Amino acid sequence: MSTIGTGYDLSASQFSPDGRVFQIDYASKAVEKSGTVVGIRGKDAVVLAVEKVITSKLYEPDAGGRIFTIEKNIGMAVAGLAADGNYVADIARQEAANFRQQFQHGIPLKHLCERVSAYVHAYTLYSAVRPFGLSIIFASWDEVEGPQLYKIEPSGSFFGYYACASGKAKPQAKTEMEKLKTDMKTEDLVKSAGEIIYKVHDELKDKDFRFEMGIVGKCTDGVHLINPTELTEKARSAGEAANKEDDSDNETH
Amino acid sequence: MLNNYNGMAQPLWQNGPAPGEFYNFTGGQTVQKLPRELTTAGPYGTKRSTAAITTGSSVLGIRYDGGVMLAADTLVSYGSLARYQNIDRVFKINKNILLGGSGDFADIQSIMRNIDQKMIEDQCYDDNIEMKPKSLASWMTRVLYNRRSRMNPLYIDVVVGGVEQNGTPYLANVDLRGRAYEDFVVATGFARHLAVPLVRENKPKDKEFTAEEASQLIRKCMEVLYYRDTRNSSTYTVGVCTPNGCGVEGPYQVNENWTFAATIKGY
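Here the protein sequences come in this chain order: A and B.
Numbering-wise (our numbering), the first sequence opens with residue 1 and increments by one.
Numbering-wise (our numbering), the second sequence opens with residue 1 and increments by one.
Next comes chain A alone, as it looks inside the complex (with noise of 0.2 Å):
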């Protein structure tokens, strides 16, 4: 441990002599513990979907959620500490809410997008705070814009992506992923969801996980819905279905 940062890592205000802010690599090692969670954009809608790994058998089954919703039209979901998550959750739907009062519109996704990520960012430059051990993914949908998803990282960037993980098994995600078109309809992207955080949660480290989902689309009417009884079931049904798959496969080998 002592070889690594020594003395430039107590601070989010100063550089390391290579140039890197360690509080902000500490912040990503927090994300890269959470549980997974994947957003992907198909034709008509944006799923979020969520490994919650369950560490104590006597939660309800509903608590700790990771996903949010901070507009009509917009969903959050977080990797990395849930109580960071919350607040910053509040935040954006200030944000969203102050947008409205305003303009008397929902605010562009890509304008929350850069006024959370100026938040978090400010997280960064001062000795006397810690960065956001979080990585933030908002999704919407509406008639003009279409699907949209965005990604936020404890540096306070962001990008837009067809499809983004963060969380344990980003990588394996990753890979889920870039095997999958870019146009889904919705009910192919809501299996793929689900498929893909079944397939990438690891049975050997964590044994209990709830598959968690919002989704925001043209057959959601634009309103952005966490869990919805029907398509969450398909998700996890097909999650289950390709996680059958892949142990008989096991078994021929």
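Note that these hints are calculated values from the structure, not bench results.
A hint or two may mislead.
As the list claims (entries may be wrong) - Taking lysine-lysine and the DSS-like style, the derived pairs with C-alpha atoms no more than 27 Å apart in a straight line are:
1. B/K207 to A/K72
2. B/K95 to A/K72
3. B/K95 to A/K218
4. B/K92 to A/K72
5. A/K218 to B/K118
6. B/K134 to A/K110
7. A/K72 to B/K134
Treat the numbers as computed from the prediction; the structure is a model and nothing was measured.
Using the hints, position chain B against chain A.
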């Protein structure tokens, strides 16, 4: 926390101890202040609005056995000038609530922004609980009473209608001082004088109206209002709320017939 954006929620008690608290000496906590426009004296002292400028006239609401119906014409007047002739004054708030607004239209628009934000907040909680009409009516009384207590009322008179949790229809009126009442027929503006007696006259003693009866009465009343209230227009919208959801229909047109006009004498 989103309620920080409710610009109406300012402290009632100024420059002095709140009930049950001690006086704040200088150098203690900062005292929250009213907005500058209400405290800074101009050349003629401080001024407050004392009348509505752009106005919507009557709103009529009727409760029937399976829901409620709200009607209002589409006119927003500027004094006696029929300034804006195609403005909806019946609003869908969510799938349980309708709101009809009369009085100062700017104040209606302002309160609607607040209500819309509340509905989004409702959705963010993601608990499948939506606000019910009784709650909204109650909230309206608080906002309006609060404003009247600041001597700065919203010049509005609203009808709140909808369907409660158990499917029972709800209809109420809340006015600019925060007074509220429920009934099977409520109205604002001239409709209170012209339409309410008409509806009451037709009410069967021991049963509610049917949807058909309610809609007939709405049609009749909007016609009467058009003929007799000079601040009415012939087009109107009707909001209908039932346990299956709600929506605003129209615009409808009053069946005008002016053939009798030639027979009127003595004016």
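Hints, one by one, checked against the model:
Taking the CA atoms of B/K207 and A/K72, the gap is near 40 Å; set against the 27 Å cutoff, the hint is violated. For the proposed pair B/K95 and A/K72, the alpha carbon gap of about 14 Å is at most 27 Å, so the pair holds. Proximity of B/K95 to A/K218 is assessed by CA-CA distance (about 19 Å); at most 27 Å being required, the pair is judged to hold. With a C-alpha separation of about 15 Å, the suggested pair B/K92 and A/K72 falls inside the 27 Å cut-off, and the hint holds.
Taking the CA atoms of A/K218 and B/K118, the gap is about 24 Å. The hint holds against a cut of 27 Å. Of the pairs offered as hints, the one joining B/K134 and A/K110 is violated, with about 38 Å between alpha carbons and a cut-off of 27 Å exceeded. Under the criterion of a C-alpha separation no larger than 27 Å, the hint pairing A/K72 with B/K134 is consistent with the structure, at around 23 Å.
Checked against the numbered hints given earlier, the structure breaks hints 1 and 6 and satisfies all the rest.
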